[in-house]
Structure formats: C-alpha cells, structure tokens
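S.K.: Take the sequences, apply the hints, and build the full model.
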Amino acid sequence: MQIELKNIKPQYMSEAEVKASDIYLQKSVVFEKRKKYLIKANSGNGKTSILNFIYGSNLKFDGEIFYNKERKEKEVFTYRKEHISYVFQDFKLFPSLTLLENIQLKNRLTNYKTEEEIIALINRVQLGEKKNDLLEKFSLGQKQRVAIIRALCQPFDFLLLDEPFSHLDNENIEILISILKEELEKQQASLLMTSLGTVSCFEFDRVLNL
Amino acid sequence: MLLKLQKKTLIKSQIIGYAFTLLIGMSILLTVFQLYIDVNPLLTEQTDIFKKQSAIISKKISLFKTLNKEKIYFKEKEIEELKKLDFIENVSVFQNTNFKVQAFTSGSSNFPMFQTDLFFESIPDIYLDINPEEWKWNASENFIPIIIPENYLNLYNFGFAESQGLPVLSKNTISNLTFNLQITGNYTSQNFKSRIVGFSSKINSILVPNDFLIWANKKFSDSNNSNKINRVLLEFNKPADEQILNFFKSKDYEINKEKLEFSKLFFFFKSAIIFVFIISLIIVILSIAFIFLSLNLIIQRNKEMLLNLANIGYTYQQIAKFYQIMISVVTVFVLFFAGILSTTFRNMYLVKISELLNFKRQENFIFIGMFLVLILLLGIYNTIIIRKIKKVV
Chain F
1 MQIELKNIKP QYMSEAEVKA SDIYLQKSVV FEKRKKYLIK ANSGNGKTSI LNFIYGSNLK
61 FDGEIFYNKE RKEKEVFTYR KEHISYVFQD FKLFPSLTLL ENIQLKNRLT NYKTEEEIIA
121 LINRVQLGEK KNDLLEKFSL GQKQRVAIIR ALCQPFDFLL LDEPFSHLDN ENIEILISIL
181 KEELEKQQAS LLMTSLGTVS CFEFDRVLNL
Chain L
1001 MLLKLQKKTL IKSQIIGYAF TLLIGMSILL TVFQLYIDVN PLLTEQTDIF KKQSAIISKK
1061 ISLFKTLNKE KIYFKEKEIE ELKKLDFIEN VSVFQNTNFK VQAFTSGSSN FPMFQTDLFF
1121 ESIPDIYLDI NPEEWKWNAS ENFIPIIIPE NYLNLYNFGF AESQGLPVLS KNTISNLTFN
1181 LQITGNYTSQ NFKSRIVGFS SKINSILVPN DFLIWANKKF SDSNNSNKIN RVLLEFNKPA
1241 DEQILNFFKS KDYEINKEKL EFSKLFFFFK SAIIFVFIIS LIIVILSIAF IFLSLNLIIQ
1301 RNKEMLLNLA NIGYTYQQIA KFYQIMISVV TVFVLFFAGI LSTTFRNMYL VKISELLNFK
1361 RQENFIFIGM FLVLILLLGI YNTIIIRKIK KVV
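Residue numbers (our numbering), protein chains in the order written: chain F, 1 to 210; chain L, 1001 to 1393.
If a hint is listed, it holds; no wrong ones were tucked in.
DSS-like, lysine-lysine: derived pairs with alpha carbons at most 25 Å apart:
#	chain 1	residue 1	chain 2	residue 2
1	F	Lys92	L	Lys1004
2	L	Lys1303	F	Lys143
3	L	Lys1391	F	Lys72
4	L	Lys1008	F	Lys130
5	L	Lys1007	F	Lys130
6	F	Lys92	L	Lys1008
7	F	Lys131	L	Lys1004
8	F	Lys143	L	Lys1007
9	F	Lys92	L	Lys1007
10	F	Lys131	L	Lys1008
11	L	Lys1303	F	Lys137
12	L	Lys1004	F	Lys113
13	F	Lys130	L	Lys1004
14	F	Lys137	L	Lys1008
15	F	Lys92	L	Lys1390
16	F	Lys72	L	Lys1390
17	L	Lys1004	F	Lys137
18	L	Lys1390	F	Lys81
19	F	Lys60	L	Lys1390
20	F	Lys81	L	Lys1391
21	F	Lys6	F	Lys35
22	L	Lys1303	F	Lys60
23	L	Lys1391	F	Lys92
24	L	Lys1008	F	Lys143
25	L	Lys1388	F	Lys72
26	L	Lys1303	F	Lys81
27	F	Lys92	L	Lys1388
Everything labelled a hint here was simulated from the structure, so no lab data went into it.
M.R.: As structure tokens, this is what we get:
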C-alpha cells in the first residue's frame, strides 16, 4: 500500500503559512510501503493535522489523498481498521476502563493479538503490575505506553505516531522502539512519525519539514 | 468492554422516567382503545338494548303557536327533508282522528262506570313494537282494538289509583275489560265495542289499527278537514349518530328525549374516550420526546468518548447498537407490561359491564395494538439513534 498526498493544505492555514513545507501544497508526496518517514516541525505547524488527514479523522483540508492510487473518501474508515494504525498525541484512551480493558477494547475489534501477547507487551513496557488499574490513575508517560501497545493490536500497512515519546524517559523509549521495530518488521509496514525536532531512534528513509 | 464503557453513560433516572411515563401513557391508550372496541357495538349495532331505535318528533309549542295552530303541523316539504337524512331509516306519519270519540261503559259491563272523551292515532303496523293477536280491524265487525302506552298503565297504577284509593290493574285484567266507543262526526254517529289489546313502550299515544282510522276518517270527518301531521315517527339506522341531536336542535323540533338519551350518552362516551385517548397519546409522545432529550444529553456529555471509539475503529453502527438495544429492551418490556395492565383493567370493566348488560364479548386487540406501537417505536428509535450517533462521529 502507498499513500500519496497532492496539494494538501489545512483549510485553517493560509498559503503563506505553509510556503516552506515539504508536504503542504506539494504536487505529490508519496509514502511508500516499508519505509520510515519523520515529519518535523515546530508546534502549531499542523503535524497532528497531517496525520489526521491521512487517518481520515479530519477532512478539513484542500487537495487530495490517494490510498493505493485511489481516492475513496468513503472507504477511509476501512483503511483505518485494516491498513492504518495511529498513536494519537492525546492518546484517546478511556479513563474509566483499566489498562487491559483499554487494549482489549481495540483488540476485540480486530482479534489481532492473543491475550498472552498483549500481556507480554504490557510487561515489556513495565506496566504489568498496573494492568488492572483504571487508566484515570495513570501518568502521561504511562498512558503513552498504553496508547502505543493499543495501536499495535491491529493489522496495518502504515503506523502513524504523533510525538509518541514526548513524556517518556530514555529507558522506556528504547523499549518501545524495539517493540515498534519488531512490529513494523512483522507487518512489513511503514512508519510516519512526527516530532518537534530531529530524533535518531529510527533510521528514517526521509525527513520532511512541515 | 464496550458495554461497560457505554453502560456508564446512561442516566438511570431518565430511563426510569421514560419507562414510567410510557407505561402510564400506553396502559391508558391501550385500555381506552380496547374499551372503545368493546363498547362500540353495544351502542351502534343491533343489540338488545338499542335495537331499531326510534323517536317521535313534533314541533315545539310556543305561545305564538298556541295562537296560530297551523304552525305545529309538518309540511310535506319537511317530511321529504327528513326522509333524505342518512341517519333516518324510515319516516312514518301519524293519522289523527278528525271526528269525536267518546268511551263509556254500559250498566251491564264488567267495567266500572265511566264516560270520557278520547282521541285516536294510528301508524302502519310495521312500526309497532308489539303485535297482539287481536290487533285486526274488520269493517264487518263492530270491534276496535286499542293499544295504549305502557306508561299510561303505570301512571294509573302508581299515581291515580294510589291517590284515589282505586285498585291497581294488571295488563291482563285491563285486556279483559270491554267498553263502548261512540264515534260522532259528519252528521252521523256509530257505536263500537272496544278493548285494550296491548301496551306499547315505543309509541306514546292511543292507537287504533291504521285501516280503521283511514276508514273512519273518510266516514266521520268533514271532507275539508284533511289529515294534518303534527307528529312524525322516525326510525334511525345509526341511533348513536351525534348528528341526530344537532339536527333536531337546529330545526327546533321537539324530540322524545328519553328515547334518545343513549344517543347523548354515546356522544359523551365517545367524547370522553377521544379526550382520554388524546391525553394518553400526549403522554406517550412526551415520553418519546423525553427519551430523545435524554439521548441527546448522553451524546453531548460523552461526545469525546464516542469520538474516541470511532477513532480506534468502531463504526457508528457498533457504537449506536448499545443505545438501540437498551432503548428497545426498555420499550419492549414497558409495552408488554402495559399490555398486561390493560388486559387486567379490561377484565375488571368487563365484569362490571357483564353484570349490567347482556353483550357479546369482543376480541382482545390490546396485544395487537401493543405490537403495532412497538414496531412503530422501535423503527423510530433505531433510525434516529443511528442518525444521531453517525452525526457525532
């Protein structure tokens, strides 16, 4: 699967604001399978927006997005379930459910991982003790780890990470990177990650400035 | 998991409020609906109590009409107008006596001595409510059968006889008494034998056979004194039609009100049923509006959670399913309970009605009605919930 952006621009931004962008208002930006992309920009430059446009959760943009050279806006939702997974910057977790329930809520939909696999992942990110605790008690860093594990509970061709390590210490970042690398390899998937600056955790095939 | 998450979004007090108002509204609605079905044939069809309802009308007698008697007679045009009304099946006019009649007993009679002036009227036999064996007149015989209103006998027995210390008389006793009639008119006079052969509860007049009166009018009345119609007997095909009362009121006709009491009664019954039906319908509609308001509140309060569900891959149908099932289950349960309640109410009123009247039990439509309302409500709820959730996510 590949994703192509053509003349994309958020409706809330003026042309002058996106003038220097490698993505916005470019004739064609192609994200290919099994490649890793870093989208870099300062705050407020539309990093989250570009991921939301691709994910189909925000359609307030000008231009076109093609999935496998086709533009089917109505099918964005099925892409979301089967081809694109997304770690949201604001996690979009459910505080009234426990850690395990939050992950199962997603996994029940896809049946992608077994309960043992999920628990193994939780243990790897050092949250095994807390798996039955309500998420409302979790710190931001803990929530970030849960959100990443949850995103891995589905098949995907593209994994979107929106500033995924902003609240984590180096030890946890390393653990998560190794998990993510394994999963990307297993699924033969691409990575689209946003960041405020340069990060060296992955060997990116391309770095794009927004 | 989804269930656990969505269960927490419900506002229990509002669901209970919805269930309670719907239960009250539907119980009344179904009961009233069934009551109408049960009682309607009793009042409109040919059952014992209101079979072939008829009434006698006349024109109101006012001071003005006392002076000008012509005004109390029905004109040919007015009779024709009556015949054209759809709620009237038959119109029959009364024949009057245009001669003088005296009843008296002779010394040899077994009747107490009396002499009185009388009048007769007649109508065709088919309009009579009784058919006594002796109700025949033959020109060759000197006998005239008479039918008097049943309430005359009551008036005599319970009023006159009581106050004058006279014996009370049974129908049988009276029917055995023979008396004389003297008819005078057109410069001639003739005596007849007569007996009361029946008592009518329908016609409030002293009746003789129609053939006799036609014959006697020819023989004893002045030729210029033709039959003037001052009373008309009407038979209704739809005795419960509220138009009946309205029509006579507009025409200023006097109607034997007692006879048409049922018509008023039915009119009030029908109005009351419609009134209660509308009220219960409003309660049901309010309960539906109430659950929609509650649903809107749930959606607004939990918008972020619903959006997050959509963001992690749940479809709007999957998200809506819980609310659809929840409202459907509550509605099914409430309507079923309302059906049971209505059936209980029905059994209670059927016992009461059966005690008072002899009537044929109608089919129970409560559960059919309940089922139809259920299908309608579930259709509305499921469509609207899906739309609302889709709009949010």
